[in-house]
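Asks: The primary structure of each chain is shown beneath.
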Amino acid sequence: MYELIVIGGGPAGLAAACEAWDKGLRRILILERDKELGGILNQCIHNGFGLHHFKEELTGPEYAGRFIQQLQATGVEVQLDTMVLQLIPGTPHQVHCVSAQHGYQILETQAVVLAMGCRERTRGTIAIPGERPAGIFTAGAAQRYLNMEGYMVGRRVVILGSGDIGLIMARRMTLEGAKVLACVELMPYSGGLTRNIVQCLEDYNIPLYLSHTVTDIRGHNRVEQVTVSQVDENRRPIPGTEMVFDCDTLLLSVGLIPENELTRQAGIPMDRRTNGALVYENMETQVPGIFACGNVVHVHDLVDYVTAESQRAGAAAAAFVQGAEQDAASLPLTNGDGVGYTVPQSIRRNVDKAQVMFRVGRVFHKSRIVVRDQAGNLIAQFPREHMAPGEMEQISLPKVLLERAVGGLTVSAEEVAEG
Amino acid sequence: MYDVIVLGCGVVGAATAYQLARYPLKVAVLEAQNDVANGTTKANSAIIHAGYDPEPGTLMAKLNVEGNRMAGEICQKLQVPFARVGSLVLAFDEADLATLRTLYDRGVANGVPGLELWDQSQVRQREPNLSQEVKGALYAPTAGIVDPWQYALAMAEVAVTNGVELHRSAPVTAITPVEGGYAVTTPKGVFEGRYVFNATGVFADQVHGLLETPDYRITPNRGEYYLMDKSQHEQVSRVIFQCPNENGKGVLVSPTIHGNLIVGPNAQPVEDRHDLGNTAQGLDFVREHATRSVPGLNFRENIRNFSGIRANSTRHDFILEESPNHPGFFDLAGIKSPGLASAAAIGKWACEQILEKETQLEPKQDFVDQRTHVVFHTLSREEKNALIAQDPRYGRVICRCETVTEGEIVAALHSPIPPHTINGVKRRCNAGMGRCQGGFCGPRVQDIIARELGLNPCEVLMDQEGTYVLTGETKAQGGKAHV
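First to last, the sequence lines map onto chains A and B. If you want the working numbering, it's the 1-based position in the first sequence plus 1. If you want the working numbering, it's the 1-based position in the second sequence plus 108.
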């Protein structure tokens, strides 16, 4: 019997396991499906990681390496090359998994941290018309080929979507000698971090076409042509605006989906907006003893924030195993104007403070984040110079404010009138 | 000289080879593509129709009902995923209800067992997610869903293990009458055979044209589909059709044998028989018509679009006949819907043509009518452990969406008709069929193929010739290397 099983050995799982160990748990197991720990960080060989957490600029593998080193100083067990097939909540929880080394195992544990990360949206999810030749890759798959396997995937490239991985790959492909012809974004704003737009597109003179999308793909065998069209305010292609690019490769960076098949199978209540489990401020799901953190809960921009969130999950899992009492009363959070989702979706009343993360639904210039309770009382407000859907927002609500709230909290974004 | 040459190894060619393999005949199957069943067989609705659609008296009517029965037996014997889930044809108004009665009568005349006409409340009770507008339905319990690709592969594999020669990447470039038969020229050599079956699908008229001008033309007609995530599987539990019209059986919504949901097709005549593209208009048409049957379909849960080309012809029935001017040259052509459902019976028909001419033929005593096909995720826990103990590669999950193990992929790579492409592995093992569409397992599958077949990963194709995935190694020649 384990005290804690962590499903996934990427940045979320590593931070959660280390934190749970620091808080006193001694029977911890990480189950990782890949052959090494570190998750997606292993293929992110660019820098820019760790500015918040370590106050220095690291590459992905370096960032993962720091946590792997930390883990090696603990007694946390790790099973690599192990796929979890099923999670059955109960007392204890059961984790079914399979590996070449141990065969089919059923493991029991007091607490579980879900840290499975996310996967990329594919061509199918957005139903791009056209032929289906080779040469269409999700940006992350292309990144794996380049950075881990050592192969190039194309020479003339169009990128659909301005998510961070797509931007990073625009630069990466360029540095490897490919010509990146265009980065095409359906929305009128970029989905990635501003620093990536500057460092990965502008620095290499790669044009970014906002309010455009791919409307046709040609090539019986390998991609030969990609047609890009402008879209109207309803995101429908405008006839007559077609641009045809001769290229052999189309990379897709069209969003990430939390990988929650195990979560759904286990019957853990989900949030339709995040595609992740509903969680409290300590990252506990609605099923006691099962926690979730990182991209499996909601898609983050920065691994530093994944780490912070996962440490909360690890600490809370330790407290759960150690028998901490939880206040049953909680404040539900609802999304007000301009706010697409919040994590957590509920805050327990007896906590010292609660960290609330969310994304806005559109670009906001000079504005403020406003938190009101059910009675309409203003609980807190936070000024912002600029907010965009591509950058996750965080606010911190201390106990003194939470105690004042009646019924529940609504988080909204409001533009501040100039002058 | 071969006794029989079968041109094409789609489901019809495979079914023909499967029947011929029972007899002491020297048989060669010539497939133009680099893998079997890469044409219409791989891209269709994956339905084994019950057989109420075709006009009584047609070949389609006879062979559909017989083929449906045979499909059940063959799939069970050869471990092909198949389920007789039944089908409904929906009526939305009085005219449709009249059509249902016509279809019912036709079905009875064709010998379709178990047909029932359901009223509105019966339909609602049994398929609660269908539109409230549905007024009634024709229920056909014998309709089934199948993995069409696996169906063709299974028959081809049994043929090969029983001595049939299969040559892939062998497109026919010439057919010439020679003493006692025909010489068929391909890049893989010239094959001489006493009898030739033309099972080349959408190219049948062109291939026939290498020998003589045929008196029919293939009129390729493209159908587009959505394949949805498993989250949508339970929208319906049967194959849901609308009333057929001049363009075919209309847009269907059906569970697939792999636990997904398939939605489509439209019907669009096309010139280019290689153009398997999707169009915005075609997909709009499919969505609009499908939601008429099942209003709650969530198209955001789509995982893949595809299209297939129907081998429609200028005739209104299957073209199963011997050339009047060239005895021994047979067409198995114009195999449009219900072609998949009829395939097994078409193969039997073809074999009977040989038996009529070669009356001395007796079935082989040593014909092995089985194959093994391990699907890890369907095994019990004990079976899984036993398999992993025997070969630890069955404990390594490569495709996480569909839980496909390295053991299954390696087994496929050493099977009677081994794949050498990423999609070849996908069709045999399901790796890459799931919601991430190979984003995770693609590079890993490519690696296993290269390792097992002794190839450079850059040589491993996605699918048919020309579908290269990698353009070279990074850093090689300053990143400008290209295969």
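Some hints could be false.
Residues from chain B shown here face chain A by an in silico Cβ test under 7 Å; the list is partial [claimed, not checked]:
{"#": "1", "residue": "N270"}
{"#": "2", "residue": "T387"}
{"#": "3", "residue": "L391"}
{"#": "4", "residue": "R412"}
{"#": "5", "residue": "L578"}
{"#": "6", "residue": "T582"}
The hints are simulated quantities; they were obtained by calculation from the structure and are not laboratory data. No residue lacks a Cβ here, since even glycine has one placed at the ideal position from N, Cα and C.
Asks: Taking the closest Cβ pair, is B:N270 under 7 Å from chain A?
Replies: violated, 34 Å
Asks: Checking hints one by one. Is B:L391 an interface residue toward chain A, by the C-beta closer than 7 Å rule?
Replies: holds, 6 Å
Asks: Hint B:T387 vs chain A: min CB-CB distance below 7 Å?
Replies: holds, 5 Å
Asks: Would the hint on B:L578 be counted as holding, given a Cβ-Cβ threshold of 7 Å to chain A?
Replies: Holds, about 4 Å.
Asks: Hint B:T582 vs chain A: min CB-CB distance below 7 Å?
Replies: holds, 5 Å
Asks: Taking the least C-beta to C-beta distance, is B:R412 closer than 7 Å to chain A?
Replies: Holds, because the Cβ-Cβ distance from B:R412 to chain A comes to roughly 4 Å (cut-off 7 Å).
The earlier numbered hint that this structure contradicts is number 1, and it is the only one.
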